[in-house]
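Residue numbers (the numbering used here), protein chains in the order written: chain B, 1296 to 1548; chain X, 1090 to 1584.
Worth flagging that the hints you see were computed from the coordinates, not collected in a lab. Just to be clear, a hint being listed does not mean it is correct.
[To be verified] Calculated lysine to aspartate or glutamate pairs in the DMTMM-like style (CA-CA distance at most 25 Å, straight line):
{"#": "1", "chain 1": "X", "residue 1": "Lys-1382", "chain 2": "B", "residue 2": "Asp-1476"}
{"#": "2", "chain 1": "B", "residue 1": "Lys-1368", "chain 2": "X", "residue 2": "Glu-1222"}
{"#": "3", "chain 1": "X", "residue 1": "Lys-1382", "chain 2": "B", "residue 2": "Glu-1536"}
{"#": "4", "chain 1": "B", "residue 1": "Lys-1540", "chain 2": "X", "residue 2": "Asp-1155"}
{"#": "5", "chain 1": "B", "residue 1": "Lys-1365", "chain 2": "X", "residue 2": "Glu-1503"}
{"#": "6", "chain 1": "B", "residue 1": "Lys-1361", "chain 2": "X", "residue 2": "Glu-1123"}
{"#": "7", "chain 1": "X", "residue 1": "Lys-1542", "chain 2": "X", "residue 2": "Asp-1423"}
{"#": "8", "chain 1": "B", "residue 1": "Lys-1514", "chain 2": "X", "residue 2": "Asp-1454"}
{"#": "9", "chain 1": "B", "residue 1": "Lys-1365", "chain 2": "X", "residue 2": "Glu-1518"}
{"#": "10", "chain 1": "X", "residue 1": "Lys-1378", "chain 2": "X", "residue 2": "Glu-1119"}
{"#": "11", "chain 1": "X", "residue 1": "Lys-1378", "chain 2": "B", "residue 2": "Glu-1432"}
{"#": "12", "chain 1": "B", "residue 1": "Lys-1346", "chain 2": "X", "residue 2": "Glu-1503"}
{"#": "13", "chain 1": "X", "residue 1": "Lys-1270", "chain 2": "X", "residue 2": "Asp-1227"}
{"#": "14", "chain 1": "B", "residue 1": "Lys-1368", "chain 2": "B", "residue 2": "Asp-1476"}
{"#": "15", "chain 1": "B", "residue 1": "Lys-1365", "chain 2": "X", "residue 2": "Glu-1495"}
{"#": "16", "chain 1": "B", "residue 1": "Lys-1368", "chain 2": "X", "residue 2": "Glu-1517"}
{"#": "17", "chain 1": "X", "residue 1": "Lys-1542", "chain 2": "X", "residue 2": "Asp-1473"}
{"#": "18", "chain 1": "X", "residue 1": "Lys-1389", "chain 2": "X", "residue 2": "Glu-1498"}
{"#": "19", "chain 1": "X", "residue 1": "Lys-1389", "chain 2": "B", "residue 2": "Asp-1442"}
{"#": "20", "chain 1": "B", "residue 1": "Lys-1346", "chain 2": "X", "residue 2": "Asp-1155"}
{"#": "21", "chain 1": "X", "residue 1": "Lys-1098", "chain 2": "X", "residue 2": "Glu-1503"}
{"#": "22", "chain 1": "X", "residue 1": "Lys-1212", "chain 2": "B", "residue 2": "Asp-1442"}
{"#": "23", "chain 1": "B", "residue 1": "Lys-1435", "chain 2": "X", "residue 2": "Glu-1219"}
{"#": "24", "chain 1": "X", "residue 1": "Lys-1199", "chain 2": "B", "residue 2": "Glu-1432"}
{"#": "25", "chain 1": "X", "residue 1": "Lys-1441", "chain 2": "B", "residue 2": "Glu-1432"}
{"#": "26", "chain 1": "X", "residue 1": "Lys-1375", "chain 2": "B", "residue 2": "Glu-1536"}
{"#": "27", "chain 1": "X", "residue 1": "Lys-1502", "chain 2": "B", "residue 2": "Asp-1442"}
{"#": "28", "chain 1": "X", "residue 1": "Lys-1098", "chain 2": "X", "residue 2": "Glu-1518"}
{"#": "29", "chain 1": "X", "residue 1": "Lys-1389", "chain 2": "B", "residue 2": "Glu-1432"}
{"#": "30", "chain 1": "B", "residue 1": "Lys-1435", "chain 2": "X", "residue 2": "Glu-1518"}
{"#": "31", "chain 1": "X", "residue 1": "Lys-1535", "chain 2": "X", "residue 2": "Asp-1567"}
{"#": "32", "chain 1": "X", "residue 1": "Lys-1392", "chain 2": "B", "residue 2": "Asp-1442"}
{"#": "33", "chain 1": "B", "residue 1": "Lys-1361", "chain 2": "X", "residue 2": "Asp-1423"}
{"#": "34", "chain 1": "B", "residue 1": "Lys-1514", "chain 2": "X", "residue 2": "Asp-1567"}
{"#": "35", "chain 1": "X", "residue 1": "Lys-1427", "chain 2": "B", "residue 2": "Glu-1535"}
{"#": "36", "chain 1": "X", "residue 1": "Lys-1394", "chain 2": "B", "residue 2": "Glu-1432"}
{"#": "37", "chain 1": "B", "residue 1": "Lys-1368", "chain 2": "X", "residue 2": "Glu-1498"}
{"#": "38", "chain 1": "X", "residue 1": "Lys-1394", "chain 2": "B", "residue 2": "Asp-1442"}
{"#": "39", "chain 1": "B", "residue 1": "Lys-1540", "chain 2": "X", "residue 2": "Asp-1386"}
Quick caveat: nothing in here was measured; it's all calculated off a predicted structure.
Now for the letters of each chain:
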Amino acid sequence: MTPLNLTTAIFLFFTYAVGVIFIIGVVLRIYQYAATPQPVKIPLTPAPLTKGGAFARILGEVFFFKSLFKSNKPTWVFGYLFHISFFILIFLHFLRHFIYSNPLPWWYSIFVNIGIICGIVMVLSLFLLLMRRVVVERVKFISLFQDYLILILLMLIGLAGLSLNYVLTPAALTVVDNQLDPYMNGLLTFQFTNIPSNPLFLIHYTLVMLLILYIPFSKVMHFVGIFFSPTRIMADNPEEERYYKPNAKDLSI
Amino acid sequence: MAKSKDKYKVPVLDGKISIPRIVPGAFAYEHMIEAQKDDMEALDFPAKLQDGWKEKAIGVFKEILDHNKAVRDYMDICVRCGACTDKCQFFLGTADPNNMPVQRQELMRKVYRYYFTPAGFFKNLSNSQELTEEVLKDWYTYFWQCSECRRCSLYCPYGIDTAEITMAARQIMDSIGIGQKYTTEIIHKVFKIGNNIGIPPAALRNTLDDLEEEINEETGKDVKIPMDVEGAEVLLVPPSADFFAMPHMESLKGYAKVFHKSGISYTVSSYASEAGNFGKFIGSYKNTKEINKRIWDEAKRLKVKRVVIGECGHAWRAAYNYSNTMNGPFNFLDSRYKQPAHICDFTLGLVKDGVIKLDPSANDDKVVTFHDSCNVARGSRMGDVPGGQLTIPRELIKAAANHFVELREGTTKENTYCCGGGGGLLTEEVMNVRIAGAMPRMQTVKEAVDNHKVNYYALICAICKTQFTKIFPLYGFDAEMVGGIHQLVSNAIIM
């Protein structure tokens, strides 16, 4: 086993710190949302009459952005393209880890090309979302620093990822790939190996870590919050089933 | 001081609902009259701003975050996608960016960031803001230009409900002594006299006698409107405007005729003579509960079997959604019926069962359209299926009148625009806000009048009725067009 270099040591520390902060941060948020009582029923009607129906309503929002579709078609298209391509990319990154072998399966280049297409779609849709914030007067007015920050961070992640495929020679990319698998395994099994030293890769990796670190403190928490949104998750049955939360103080409704 | 009519800013109608270019601060000058000392104290709030208000306000904010899931969740998860920015009638009417739902929320969210999140450390960069008197002034201006109609929540990908945030802001302001005269005065009146308008029992009886006489003159029938009768089958709780205001009283006559013909014994109450619940408008659980409790105390005292609520939007939302939570369970009432039930549901049931008969040709002089009231359409249900609150009133109108047309698609049912006077805005000093907020709806009314010769604007909300009676003439429509569904029923019922 080769001894670890300093870069790897720094990145290992960074990665674990980010992981711990992310997990604690998200779990705390989930706990906070789950534990806070909702004083009265406030489903936005017409609403499903059962808990199952209300959950299906949430899934409609999560998978199809139904309310956004009703309110703004361009935002829906750009937002949907971004979310879909982003999730496919996350999935492909995990999947790659399992199919990257020697020799490579014959369809590996197709697999990589799907990833590249998703990457391009993601960066383009992010660019369009950014343009919305700059061009549409109302959206520009409401946009805050953190709204631009997250879009630019995600775009940079996408661009850095794509550059690995376009800037590096196939041979250089293979070197990265060959180092990446044992490094990732090492993170889970604590059998550490050196992180790929290619600077483009390290930029991509660092930006991803920054994103994960930022998530618990940012509006990205909408992916958790939507499951607790009372206007959508509550069933419309206040007369049929008494709703009462003793820990909801006599304060605000 | 009341403004004269020519000082009002009334937009010219062109039938279009267009998105205005933003004009920052366009309606910053509109202010509510501050609450009076005895009203605030009657509601358990300090009379005015006192030393240490900032700590108190942040303390109440923290309490709300810890005890209100909606506010807790909604403070965090807005992504500022902008889907809501063109959905609020007050933004469409005023062009003031602080009336875009997301920006209204931002008034509170920036304070939330400052005190409750790490982003507060970055102050200007993250748009975090200390709670200053300047910020409070914005709160008082713009959280009193929201009618809590929840149209924005319908279009929000996360269902973020500005009404909940407005309520929380008003609760925080009340708790440090910054109240609004109109709502606090009315709640005080309910506690003291029993209803929003402040009609004492003897005067109420007189009014009811007059109405009985009117019905007798019109129909020749001896229709009674009983008050405080123990052992009646139904306790009828209308909004107090139904006893007193026009065109509301015409609907009360309709209820009376329905009960008379169906033979179901009923009573109104001088103690619970108000279905409305302004406690909800100021986001106060305690006051909402106290107001709501009067209905159920009275139901118990009068030994009725069921409770029916009259034509009133927010009253129905409060009665339907909050009653069971705040003052239930109602095992002393007849469990075969919905408790409470909406008068439209009640009447339509009787029509369908053939207990009462309507002759729709009695309303043949009318072309009727229906305005869905926000609190009914987006906040509550009638009947047994989702959306019953949208179909039941329409079915009842169609049973009572032959000519019915819908308002423009996309502005009805759950997509309805607020009348512009809900949520505690129905007061003279913000007349320009009310006029501006009604603008999108007025555009569709113009279309309905021009294209379909609509001459009857059916409503099931006391606030809508008052608002439109006032607003219609300003926009050049006849105030006589405005009326309740039970006014149609009153005309059509075969006595």
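Check the structure against each numbered hint from earlier and tell me which ones fail, lowest number first. 1, 2, 6, 7, 8, 9, 10, 11, 14, 16, 17, 18, 19, 21, 25, 27, 29, 30, 32, 33, 34, 36 and 38
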